[in-house]
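If you're matching positions, the sequence shown starts at 1 in the numbering used here and goes up one per residue.
Just so you know, not all the hints are guaranteed correct.
[What the hints assert, rightly or not] Label-pair restraints from in silico Cβ distances:
#1 Ala210 to Asp90: 16 to 22 Å
#2 Glu162 to Asn109: 28 to 34 Å
#3 Ser55 to Met124: 36 to 42 Å
#4 Thr129 to Ala210: 46 to 52 Å
#5 Glu134 to Gly91: 28 to 34 Å
#6 Ser174 to Ala207: 37 to 43 Å
[Stated by the list, open to error] Below 27 Å or equal to it, Euclidean Cα-Cα: the simulated DSS-like pairs (lysine-lysine) are:
#7 Lys139 to Lys196
#8 Lys180 to Lys121
#9 Lys38 to Lys121
#10 Lys138 to Lys89
#11 Lys38 to Lys196
#12 Lys173 to Lys126
#13 Lys180 to Lys196
No lab work stands behind these hints, which were simulated from the structure alone.
Predicted model only: the values in this text are computed from it and were never measured.
For each residue, glycine too, the CB sits at the ideal point set by N, CA and C.
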Amino acid sequence: MKKKKIIIVAIIALLVIIGIVVGIILLTGKEKNYETSKLTDIYNDLIASNIYSFSITQNDENKTIMAKNGEQTAIDQYLGDTHSTTIVKDGNTYLVLHDRSEYYVYENNNVEQSILTDGMKELMNKTFTIGEEEVNGKKYSYEEFDGSSTFMLSNNLPLNQEGVKTRLYFNKKSELVYIKTTYDDNEELLGVSISKDVDNSLFEIPADYAEN
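Can you build the whole structure from these sequences, using the hints too?
Dropping the structure here:
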């Protein structure tokens with residue numbers, strides 16, 4: 001009888017332990033799922049589609065459009081009075097200077113091919129916190145990443161990235177709408193728009209531009 005009681009008690013104890021372990025696994029899984037980065041979802045979607053347009057705007061004079069269509073990539077930049085486009089296609093890179101109606105060719109160079117997704121991947125490898133904040137009168141959820149200024153348009157980049165924070169704001173549809181970079185007492189807020197509609201003229205050099 002005593003042996004049977006001991007066996008029954010041991011089985012009950014084992015079942016309790018298994019129940020606790022399963023409960024911990026389920027709770028951990030839910031917490032991890034809750035904290036899955038929305039940036040990762042956007043990254044995976046862009047990688048899968050390979051056709052997209054990603055624009056970031058500070059104001060009317062400072063904005064950048066990064067477009068991709070298969071093996072073609074374009075980075076269209078407006079910085080103050082200057083307008084330039086970096087085009088990557090056919091294994092070459094073309095720097096187009098619209099203000100001077102000219103362009104330069106860098107053969108066998110396609111380093112900008114994945115600049116946008118590389119920037120996202122850099123953030124994804126860093127720790128982040130989540131929260132909510134109001135921007136321009138509307139409340140958004142955000143993910144804040146430490147130690148990167150990858151999306152800054154300003155040339156005043158800090159040498160030490162340790163105190164830099166990048167905060168990504170998402171609407172209720174989990175669409176990225178703002179990016180804010182902060183360091184010391186400085187901050188840069190950018191409007192963001194992501195689209196699967198790509199302006200193919202971004203990959204073309206105007207016929208009347210001169211090659212240098």
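Status of the hints after comparison with the structure:
Look at Ala210 against Asp90: about 20 Å separates their beta carbons, and that is inside 16 to 22 Å. The given range of 28 to 34 Å is respected by Glu162 and Asn109, whose C-beta atoms sit roughly 32 Å from each other. The hint said 36 to 42 Å for the Cβ distance between Ser55 and Met124, and at roughly 21 Å that hint is violated. Against the hinted window of 46 to 52 Å, the Cβ-Cβ separation of Thr129 and Ala210 comes to about 50 Å, which satisfies the hint.
The hinted window of 28 to 34 Å between Glu134 and Gly91 is violated, with their beta carbons roughly 46 Å apart. Taking 37 to 43 Å as the suggested C-beta distance range, the pair Ser174 and Ala207 conforms, at roughly 42 Å. Of the pairs offered as hints, the one joining Lys139 and Lys196 holds, with about 25 Å between alpha carbons and a cut-off of 27 Å not exceeded. Distance restraint check for Lys180 and Lys121: the Cα-Cα separation of roughly 17 Å lies within the 27 Å cut-off, and the hinted pair is therefore satisfied.
This hinted pair checks out: Lys38 and Lys121 have alpha carbons roughly 13 Å apart, not beyond 27 Å. Among the hinted pairs, Lys138 with Lys89 is inconsistent with the structure: their alpha-carbon atoms are about 40 Å apart, more than 27 Å. With a CA separation close to 18 Å, the supplied pair Lys38 and Lys196 stays within the 27 Å bound. The suggested pairing of Lys173 with Lys126 holds, with an alpha-carbon distance near 24 Å, which does not exceed 27 Å.
Using a Cα cut-off of 27 Å, the hinted pair Lys180 and Lys196 holds, with the two alpha carbons roughly 23 Å apart.
Violated hints, in rising order: 3, 5 and 10; the structure is consistent with all others.
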